[in-house]
Amino acid sequence: MNASPPMYDVVGKRLNRLDGAGKVTGAAVYASDFSLPGMLHGRILRSPHPHAKIMRLDATAARKLPGVRAIVTGASQKLNRFGNFIKDFEVFATDRVYHIGQAIAGVAADSEYAAEQALKAIEVEYEPLPAVFDAIDALAQDAALVHPEWQNLKAAPIINRDGNRCGRTVIKFGDVEQGFRDSYRVYEHVFRTSPVHAGYTEPRVAVAQWSGPDQATVWCNAPLLFDTQSALAEIFGLPASHIRVVVPGIGGGFGGKLRLGMEHYAMALARAAKRPVRVMSTSEEELTAALFRQPATIELKTGVDREGRIVAKKGRIVVDSGACSGSGPLVASTATMILAGPYRIPNAEIEGVAVYTNNHPNGSVRAPSGPMPNFATESQMDMIAEDLGLDPLEIRMRNILREGDIAVNGQKMTSVGLAECLEKAAACIDWSQRKPEQSRGKGLACGWWMTSRGSSGAYLKLMQDGTLTMMVGVVEMGTGALTGAAQVVAEEMGMQLFDINVVSADSLTTPYDFGSQGSRTMFAVANASREAARDLLTKMRTRAAKALGADEGALEMREKAFWNGEKKITFAELAAQANAAVGGLIAEATYIAPAVEHGAARVQNHFSPSWPSPSFHVHATDVSVDEVLGEVTINRYVVAQDVGYAINPTYLEGQLEGGAVQGVGQALFEEIIMVNGQVQNGNLTDYKMPTSMDVPPIEVILVTHPSVAGPYGAKGVGEPPSIQPPAAVANAVAAACGKRIMQLPITAEKILMD
Amino acid sequence: MRRGAVTVSKMKELNLKVNGEQWEVQAKDFDTLLDVLRRELALTGTKSNCLEGECGVCAVLVNGRVVNSCILLAAQCEGAEITTIEGMADGEKLHALQQSFLDRGAVQCGYCIPGMIMSAAGFLKENPSPTPDEIREGLCGTLCRCTGYTKIVEAVHEAAQNMSAK
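Protein sequences, first through last, are from chains A and B.
Using our numbering, the first residue of the first sequence is number 1, and each one after it goes up by one.
Using our numbering, the first residue of the second sequence is number 1001, and each one after it goes up by one.
Each hint can be trusted.
Here are the computed distance ranges between Cβ atoms for each label pair:
| # | chain 1 | residue 1 | chain 2 | residue 2 | range |
| --- | --- | --- | --- | --- | --- |
| 1 | A | V29 | B | I1071 | 20 to 28 Å |
| 2 | B | N1019 | A | A240 | 42 to 50 Å |
| 3 | B | A1042 | A | R558 | 43 to 51 Å |
| 4 | A | P697 | B | K1012 | 42 to 50 Å |
| 5 | B | S1129 | A | Y184 | 53 to 61 Å |
| 6 | A | P697 | B | M1163 | 16 to 24 Å |
| 7 | A | R558 | B | M1163 | 37 to 45 Å |
| 8 | A | D58 | B | L1073 | 34 to 42 Å |
With a straight-line cut-off of 25 Å between C-alpha atoms, the simulated SDA-like cross-links for lysine to any residue are:
| # | chain 1 | residue 1 | chain 2 | residue 2 |
| --- | --- | --- | --- | --- |
| 9 | B | K1028 | A | D110 |
| 10 | A | K568 | A | Y8 |
| 11 | A | K172 | A | R309 |
| 12 | B | K1093 | A | T650 |
| 13 | A | K87 | A | Q604 |
| 14 | A | K53 | A | Q680 |
| 15 | B | K1093 | A | D19 |
| 16 | B | K1093 | A | T25 |
| 17 | B | K1028 | A | L119 |
| 18 | B | K1125 | A | P697 |
| 19 | A | K435 | A | E394 |
| 20 | B | K1010 | A | L119 |
| 21 | A | K53 | A | E116 |
| 22 | B | K1093 | A | V29 |
| 23 | B | K1125 | A | M693 |
Simulated from the structure, these hints should not be mistaken for lab results.
Note that CB positions come from ideal geometry on N, CA and C, so glycine has one too.
Given these sequences and hints, build the entire structure.
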């Protein structure tokens, strides 16, 4: 599989990103830089109660304050419920609040300061209701219902719900109980993880302007143009095409901006004020009222034979969706695949459950279903190895999926680079010296992920200067996905990278796209654009042959021209001719990854039962533990990832380096601490993200087992590096000091306390 | 009786020297340097996030020293030399830091990058030939979620070498 790849002119090269210059000079415009003449500033009044009936809401005094232009409440504007899988979100609460931080009213004023003052003048009286804050408690028969009217809430057919349970997925095959009876030993553990913030540095922001009673434009930092557009259309009861979503630029997302942020508030306020309104979330709102990664409780029972081979695996992951289901049902569903892990398993019963509580609703964070079940599975793998006296590397080598194996979902695995990742990561970290000194140890963890499906379209046009403009409906999140896709197009067209002009992030002018999510952006956009480039080249060749009076087959393409012997016509000349004669040279194409066969009988209510172009990854780390202070120092950190093919190794490394550090944050520091639904650490001092001093340089090993469907064999890369760090660090900490941590994050208190 | 109205302080004239140019701006007593840079001077290259001195994306140089412009009052900057990201390039020619950030792939979403480059610029004035560990210490006031800092540290190291070679 690793034959030396053919050489290309543009793909595979470490080229500087297309959008880099503006980003280093400060010229790049982000959504938070965007403003319009006459723009007002909006702020949101939020519930201080986790569950309460709203007895009285009076904004009379607030309306009279200087600079206040509009106030919107649940009663003042008819807005429809929304939600990706269950319509359980309200823009502004109507008669009841079900979580702290729930929006009750919005104010638009001349300044943020004036809006803030008005919030304080809105009078609200509540009558508290019984609440539930723990997802396991919420599943009890007698638990208080977060949504007593749950049966009336519209839901997608795939959702299996009952009371506080807002989703349940099962993977089941073989006979798991017989498997446990046949096992040499059976291990049973419970692991827990905490909510974390996506950690983007640009807060969520939106500017909305209505151009008529039923038409609006929203400038925001949403990664999913068309999902955002349809959610807003649903809320406001408008045709989707009447809402234009534009993303001027985005300061990070990491999944945390996938669902509506400030867009709906800005639109409601702008409609009431008849002026453009900007709403930007404050730092405190980000850490108390954003869509966090779901905390999870993971019960895992594994039976193995004498050699440590898995005989049966039974597990349940319960994710706390918070008061609205959000991404929870999807997260719980996909988590079943991660909980099983990239292993050969003859008997399994894996359940993923999403639950309502009166905590703040959660959303999606980079590899939304990844780190929680991986922490459980990979920690337990080490615990089994230790009990059996096996090397953690060896027990994995005995169990991992290899070429042609059948995975838990019944899918036949191809292009599996996992063994190579394990070998290379272990060699790099010097695995033979697992405990080089007192209080120092090494750990590793492996995992898998998918390249999400969903379709992409691309429009191309040849420009009069001989360059090419590519229009696509995604948002460049910073990953370099669009630079990568442009490299693919440039390669196809015989152009240089900077000959490609990219237009994106506007729902009106670009073709449909499933959006910047699921490690799919470069993969799908490059495939669609490449197809369009081939079509465009065919048209160009036909016109060139005619112009040169030659057979198409005789033409040679080089130096941005078609040649017939010594005679040539340049791309610029072709474009000029075609512009004058036939309305230019344009092409279009769409792409969706081919469906992958899986065992349908093995899965129930599964959102992602098959895994297109799966990726495989191993993280290895060398840590020291201060056994007096409990402090963990990461001495080295190695990421080996099967990326299929590296379209641009520089930005690919950037994904793995950044993703690993984000995961180290979840492993060691990050935790939204909630007590009875109230966040206790709503600032960036008490919610600690990794700084440059907390991590070593990340060492990256690119393994390349090409995907048949991927552009040049590439697989999705963006999410996976955030999956393995908690388990890898936990395993290294256990190796260093003997302490097994069962709950994230791995704090000094947990290391020191018995 | 509850009254929400407060006395909003009046705009005052303020003289600021930003990127070598003298500006007369209108500011309230409680306006921060960040407010004035972004709102009055439209220098939006300096980014806004936490507004409480925790994330460092708003870092600029004031008299050559790195400050978080979100927690420094504009009124305190009267007469000071302020440098923002817009003042780093020499015409078309990028500053060595800007160039190395580009060349080393240290830029992803880019939102922290102006703050990161200004932090690095201030730090390199104090320590022109730092080790990678010293760079990590020097930049720890600015958070970056995208890069994991590996390529940022490499970029600053490379820029330091290029700057001292001149």
